[in-house]
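Asker: Chains Z and B supply the protein sequences, listed in that same order. Residue 301 in this note's numbering sits at position 234 of the first sequence, and the numbers go up by one each step. Residue 573 in this note's numbering sits at position 86 of the second sequence, and the numbers go up by one each step.
These are calculated hints, taken from the structure and not from any lab test. Hints are supplied without guarantee of correctness; some may be wrong.
To be verified - Just the calculated beta-carbon pair ranges, DEER-fashion:
{"#": "1", "chain 1": "Z", "residue 1": "ASP124", "chain 2": "B", "residue 2": "GLY504", "range": "32 to 42 angstroms"}
{"#": "2", "chain 1": "B", "residue 1": "MET735", "chain 2": "Z", "residue 2": "ILE312", "range": "37 to 47 angstroms"}
{"#": "3", "chain 1": "Z", "residue 1": "LYS186", "chain 2": "B", "residue 2": "GLY504", "range": "20 to 30 angstroms"}
{"#": "4", "chain 1": "B", "residue 1": "GLY500", "chain 2": "Z", "residue 2": "ARG196", "range": "31 to 41 angstroms"}
{"#": "5", "chain 1": "Z", "residue 1": "ALA285", "chain 2": "B", "residue 2": "VAL602", "range": "57 to 67 angstroms"}
{"#": "6", "chain 1": "Z", "residue 1": "ALA192", "chain 2": "B", "residue 2": "ALA721", "range": "54 to 64 angstroms"}
{"#": "7", "chain 1": "Z", "residue 1": "ALA192", "chain 2": "B", "residue 2": "GLY504", "range": "19 to 29 angstroms"}
{"#": "8", "chain 1": "B", "residue 1": "SER513", "chain 2": "Z", "residue 2": "GLN302", "range": "51 to 61 angstroms"}
{"#": "9", "chain 1": "Z", "residue 1": "ASP91", "chain 2": "B", "residue 2": "VAL724", "range": "50 to 60 angstroms"}
{"#": "10", "chain 1": "Z", "residue 1": "ILE312", "chain 2": "B", "residue 2": "PHE496", "range": "53 to 63 angstroms"}
What the hints assert, rightly or not - When the alpha-carbon atoms are kept at most 30 angstroms apart in a straight line, the in silico DSSO-like pairs for lysine-lysine are as follows:
{"#": "11", "chain 1": "Z", "residue 1": "LYS82", "chain 2": "B", "residue 2": "LYS739"}
{"#": "12", "chain 1": "Z", "residue 1": "LYS138", "chain 2": "B", "residue 2": "LYS492"}
{"#": "13", "chain 1": "B", "residue 1": "LYS655", "chain 2": "Z", "residue 2": "LYS82"}
{"#": "14", "chain 1": "Z", "residue 1": "LYS70", "chain 2": "Z", "residue 2": "LYS244"}
The beta-carbon is built from N, C-alpha and C at its ideal position, and this holds for glycine as well.
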Amino acid sequence: MEKAIEVKGLQKSYKKLHVLKGVDFEVEKGNIFALLGSNGAGKTTIVKILTTLLRSDGGTTAVNGFDVASKPDNVRQSISLTGQFAAVDDILTGRENLIMIAKLRHVTNPHQVAADLLKRFGLTAAADRRVSTYSGGMRRRIDISMSLIGKPQLIFLDEPTTGLDPEARIEVWNTVKELAANGTTVFLTTQMLDEAEQLADQIAILHEGRIIANGTLAELKKLFPPVKVEYVEKQPTLEDIFLAIIGNKEEK
Amino acid sequence: METTKKHFFSDMGVMLGRSMHHVFRSMDTIITVTVTPIAMMLLFVYVLGGAIQTGTDNYVNYLLPGILLMAIASGISYTAYRLFMDMQSGIFERFNSMPIARSAALWGHVLTSLVSNTISVVVIILVAFIMGFRSSAGVLSWLAVAGILALFTLALTWIAVIAGLSAKSVDGVGAFSYPIIFLPFISSAFVPTDSMPLGVRAFAENQPVTSIVDSIRALLSGQPVGNDIWVALAWCVGIMVVAYFFAMRAYKRRV
Numbered sequence: 068m069e070k071a072i073e074v075k076g077l078q079k080s081y082k083k084l085h086v087l088k089g090v091d092f093e094v095e096k097g098n099i100f101a102l103l104g105s106n107g108a109g110k111t112t113i114v115k116i117l118t119t120l121l122r123s124d125g126g127t128t129a130v131n132g133f134d135v136a137s138k139p140d141n142v143r144q145s146i147s148l149t150g151q152f153a154a155v156d157d158i159l160t161g162r163e164n165l166i167m168i169a170k171l172r173h174v175t176n177p178h179q180v181a182a183d184l185l186k187r188f189g190l191t192a193a194a195d196r197r198v199s200t201y202s203g204g205m206r207r208r209i210d211i212s213m214s215l216i217g218k219p220q221l222i223f224l225d226e227p228t229t230g231l232d233p234e235a236r237i238e239v240w241n242t243v244k245e246l247a248a249n250g251t252t253v254f255l256t257t258q259m260l261d262e263a264e265q266l267a268d269q270i271a272i273l274h275e276g277r278i279i280a281n282g283t284l285a286e287l288k289k290l291f292p293p294v295k296v297e298y299v300e301k302q303p304t305l306e307d308i309f310l311a312i313i314g315n316k317e318e319k
Numbered sequence: 488m489e490t491t492k493k494h495f496f497s498d499m500g501v502m503l504g505r506s507m508h509h510v511f512r513s514m515d516t517i518i519t520v521t522v523t524p525i526a527m528m529l530l531f532v533y534v535l536g537g538a539i540q541t542g543t544d545n546y547v548n549y550l551l552p553g554i555l556l557m558a559i560a561s562g563i564s565y566t567a568y569r570l571f572m573d574m575q576s577g578i579f580e581r582f583n584s585m586p587i588a589r590s591a592a593l594w595g596h597v598l599t600s601l602v603s604n605t606i607s608v609v610v611i612i613l614v615a616f617i618m619g620f621r622s623s624a625g626v627l628s629w630l631a632v633a634g635i636l637a638l639f640t641l642a643l644t645w646i647a648v649i650a651g652l653s654a655k656s657v658d659g660v661g662a663f664s665y666p667i668i669f670l671p672f673i674s675s676a677f678v679p680t681d682s683m684p685l686g687v688r689a690f691a692e693n694q695p696v697t698s699i700v701d702s703i704r705a706l707l708s709g710q711p712v713g714n715d716i717w718v719a720l721a722w723c724v725g726i727m728v729v730a731y732f733f734a735m736r737a738y739k740r741r742v
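Taking the hints into account, I'd like the entire structure generated from these sequences.
Answerer: Dropping the structure here:
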């Protein structure tokens, strides 16, 4: 299998704070990879290093076969980043945001690309409104759609569903699944375990500067003692109730 | 590397287009950089002007250069603000993780400053014409005025870039511009310096605004500019070079 990401012995410190103490992992092309960890574990630091925003202090990192430190331009050609804070221009409209990125990616028909993405993400009606008037879910959708322009092989999503309501979260999940179905590799960070469970082909847990577990959900489950069978009445969670009342979009 | 260089100017053009949208969609910006200087000009000409002795019979002619400098000084504070807001939001991270030259985003802001200040300067000059401003300057003198104003704008823009990159809060980001906006008051912009007490006069005659105002005024009225223009150019170029150096250093540290 070809590797989309190869990380060996990655080190990073902020002044005295040793955040990454030798991180190793690989991501296969076409997979959804979830990096789990609590707040401050260093997930965003890893994303920033892999997306050329931050220099590592040690170790090697390669993205789509290019060394991140020595070939940042090749890396930037083949990736897209949807950061933790929506990377959208509030003063521009949704359409203008997409056209701007399309022009910067030098695609042949920026207006057509923008129109297609607006349609795909159900934003056509809001296309000519300023992004500052969008809801949290709409902002995330325009943010992610901006990352799809130019068809990058690898997309980084740093906590893509933080701060979203359950409906918007499911929308994002569906988008991620769709991307992977079309062959895009997705690297996502999250602190929500059910998100990783829902989406990821491969899950790694970052804790105290190292990857302490890495594998498929089934492999991770094997780390625990065999399942003891108990009969528990399945109560609906509040999320089930909430979604049932407002018309569960996942069912669609 | 090759592709980012090849597209540098078109990328910068996209960045320019983006922040010009920001300028035209911000009522606050338009009011501060154009309406306020025009209001100042009306105030000085029609309210205070009658009592000010400048030795010329056309006070608009006397006043215009100083008003233009004030407009530019308030204009560049918005450059600092826009840059600061970009650093705060995730948009710079997106740009920096894309295959575009890292300096394209910064130059986009610098160009926006030049273009938007040019627009407000032109609007203010047109209003001044309506108020009775007249100039005997030829094409070359007008070009010289445009050149001095462009250099002045660039010099202040690089100061604004330092402020935008190093400010800790949105309140702090515009603060640097107030002393600059105030400098024309303690210069020959509104009244001749020989009417001022000795200490103030010494400051007024040796600070950059006076030499810039005097050169522009001389150029516009067809008088000989003398040494003033070289002093003015030295100030502008000197400030620009020093500010550019520190701005670039701050920028490299941030990205």
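Asker: State for each hint whether it applies.
Answerer: Here is how each hint holds up against the structure:
| no. | hint | verdict |
| --- | --- | --- |
| 1 | Z:ASP124 - B:GLY504: 32 to 42 angstroms | holds (38 angstroms) |
| 2 | B:MET735 - Z:ILE312: 37 to 47 angstroms | violated (56 angstroms) |
| 3 | Z:LYS186 - B:GLY504: 20 to 30 angstroms | holds (24 angstroms) |
| 4 | B:GLY500 - Z:ARG196: 31 to 41 angstroms | violated (25 angstroms) |
| 5 | Z:ALA285 - B:VAL602: 57 to 67 angstroms | holds (59 angstroms) |
| 6 | Z:ALA192 - B:ALA721: 54 to 64 angstroms | holds (57 angstroms) |
| 7 | Z:ALA192 - B:GLY504: 19 to 29 angstroms | holds (25 angstroms) |
| 8 | B:SER513 - Z:GLN302: 51 to 61 angstroms | holds (52 angstroms) |
| 9 | Z:ASP91 - B:VAL724: 50 to 60 angstroms | holds (53 angstroms) |
| 10 | Z:ILE312 - B:PHE496: 53 to 63 angstroms | holds (54 angstroms) |
| 11 | Z:LYS82 - B:LYS739 | holds (18 angstroms) |
| 12 | Z:LYS138 - B:LYS492 | holds (15 angstroms) |
| 13 | B:LYS655 - Z:LYS82 | holds (20 angstroms) |
| 14 | Z:LYS70 - Z:LYS244 | holds (19 angstroms) |
Checked against the numbered hints listed earlier, the structure breaks hints 2, 4; every other hint is satisfied.
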